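Colleague: Chains as they are written, first to last, in the working numbering: chain F, 272 to 660; chain H, 125 to 272.
Calculated directly from the structure, the hints in this document are not laboratory data. A quick note: this is a predicted structure, and the numbers were derived from the prediction, not measured. Treat the hints with care, as some may be off.
Derived DSS-like pairs (lysine-lysine); straight-line CA-CA distance at most 25 Å [to be verified]:
| no. | chain 1 | residue 1 | chain 2 | residue 2 |
| --- | --- | --- | --- | --- |
| 1 | F | LYS296 | F | LYS588 |
| 2 | H | LYS165 | H | LYS248 |
| 3 | H | LYS153 | F | LYS502 |
| 4 | H | LYS197 | F | LYS502 |
Chain H side only, calculated, beta carbon under 8 Å to chain F, not exhaustive [what the hints assert, rightly or not]:
| no. | residue |
| --- | --- |
| 5 | LYS139 |
| 6 | LYS143 |
| 7 | TYR147 |
Just so you know, even glycine gets a beta-carbon here, dropped at the ideal spot from N, CA and C.
Single-letter residue listing:
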Amino acid sequence: MSQVRTVEIPIGPQHPALHEPLQLKLKVDGEVVVDVFLVPGFNHRGVEWLAERRSFIHCLYMCSRVCGICNTIHGTTYALAVEDLAKIEVPPRAKWLRVLVNELERIHSHMIILAIIAELIGFDTLFMLLMRDRERVMYLKELVTGNRVLADYIAIGGVKRDINQEKADIIKKHLNYIEERMKYYKKVFAEDPIVRRRLVDVGKIPYSRAIDLCLVGPTARGSGISCDIRKLDPYDAYDEVPFNEIVYKECDSWARVMVRVDETLESINMVRYVLDHLPSGPIGPKVIPRRFPAGEGIGRSEAPRGELLYHIIHDGKGMNPYRLKIRTPSFTNIHNGIKILVGQHIADVPAIFGSYDPCISCSERVTVVDVKTERTYTMRLKDLSKMKR
Amino acid sequence: MVSVVEVLQKFGEVKAYPKKKRYYVEVTKDMLREAIKSLIKAFDGDVYVCAIAAVDLIAQGLFELNYDIQVLKTREYVTIKVKIPRDKPVIPSISDMYEGVIPYENEVYDFYGIVFEGNKSPRKPYFLPDEMANEFPLRKDWKSPSKR
């Protein structure tokens, strides 16, 4: 009887920054992954359970903390759902300011994952350059919202702070620099032979497979699916701000990276447009209600990682939502995206996994179990990524 | 091109949410799979499931499942609502149509104990820790250990 020569490689298990920390157990035959088993829930915080026991106003601050990197879009989407439930009209200036901050967030979120992908494929210099330039975007976010990371900028029915011409000029000045740098990085990602060899034709997800797996965001747009919620179901001022939806049809890891590079450039133009056409007027309602009517509210938005959905159901009793459903883009992209790893080389796993834009540091440590010798040893995912195909 | 309203009206009354191009329809448990199949057929498969949201309607003795679906071609969004009895929480799985809904179904199974018949890889606990393998914390009658 022939002996089954598979090795189990657990990757993970957790990183507290990710909404869905996870452990990946890869079964490999030689260098090829033959099976993937996902173990999620190491740091499940029960946000939906907590939301049923908090007031609508408390929930706004709690939802902003679901994700650290894209906290503003979580606040925005929760506010959209509550505004949908209570039929609250948001003033035009507040809608445009939400676009401004969410696009700044998209720029820095895409820059951080591009930097992480650069590091994962062994291009540490590019990682450092991207992180250096990203710091300017963080400064701009602080300039507008008052906070560098957790902005807490969104209010139900509007935003909390206004900007003036002086701040607008500072943002434009820095955007010129960031745009110039991003054009250079685009050239690097598009043309550098080492980057291309690590990403092109790696982790292909055909169009129909991406639909079957319900993938969203840049991960799906890299497979040719036009699924940008800013176009599909416009919210805030996205129906007034012109922009192009970025779609690549190559279906590989490189396409998913290039979607993010191009979206960053597109977002820079959007921020400029917002600053030039910002309408005047109030930035929020004078009174925010404490009690809300019975009914349903749906908030949908395009977070940096894809479609974010908040579904509120309220029975009209009490000050808490009866039910708050949150579906983050990483939930579907990670839980379903890993199925693509079957048939791929171990050395490509970091590049493919990185191209989904998860919090990659959750996978920093890897334990390798050799079933033949029963020897267990630990290596870093970074070292794994440097293995040759 | 047909719209979601035309495709789904034979399964129940399609109502519109206040926002443009958003609809919801309530169907019976037996018609759920047929309704989703009709959407896939009518729009050549350019349809994906955004989420499955369960709600515990304890006062009525029901669970409500909301299948949030996006149609890419017509840019329409529809929520298919299904109500099932709380004492017999079983519903047919749609994981044979969409492999991507397996984690959605496992999440609902984990927190509400709703069984999806036909799900090829049901797992419990999925998100919950091992010691909560027989508990359903998002049910309204669940009490945290400190309050028992």
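Colleague: Does each hint hold? Answer for all of them.
Modeller: Hints and how they fare:
no. : hint                : verdict
1   : F:LYS296 / F:LYS588 : violated (45 Å)
2   : H:LYS165 / H:LYS248 : violated (33 Å)
3   : H:LYS153 / F:LYS502 : violated (33 Å)
4   : H:LYS197 / F:LYS502 : holds (12 Å)
5   : LYS139              : violated (11 Å)
6   : LYS143              : holds (7 Å)
7   : TYR147              : violated (11 Å)
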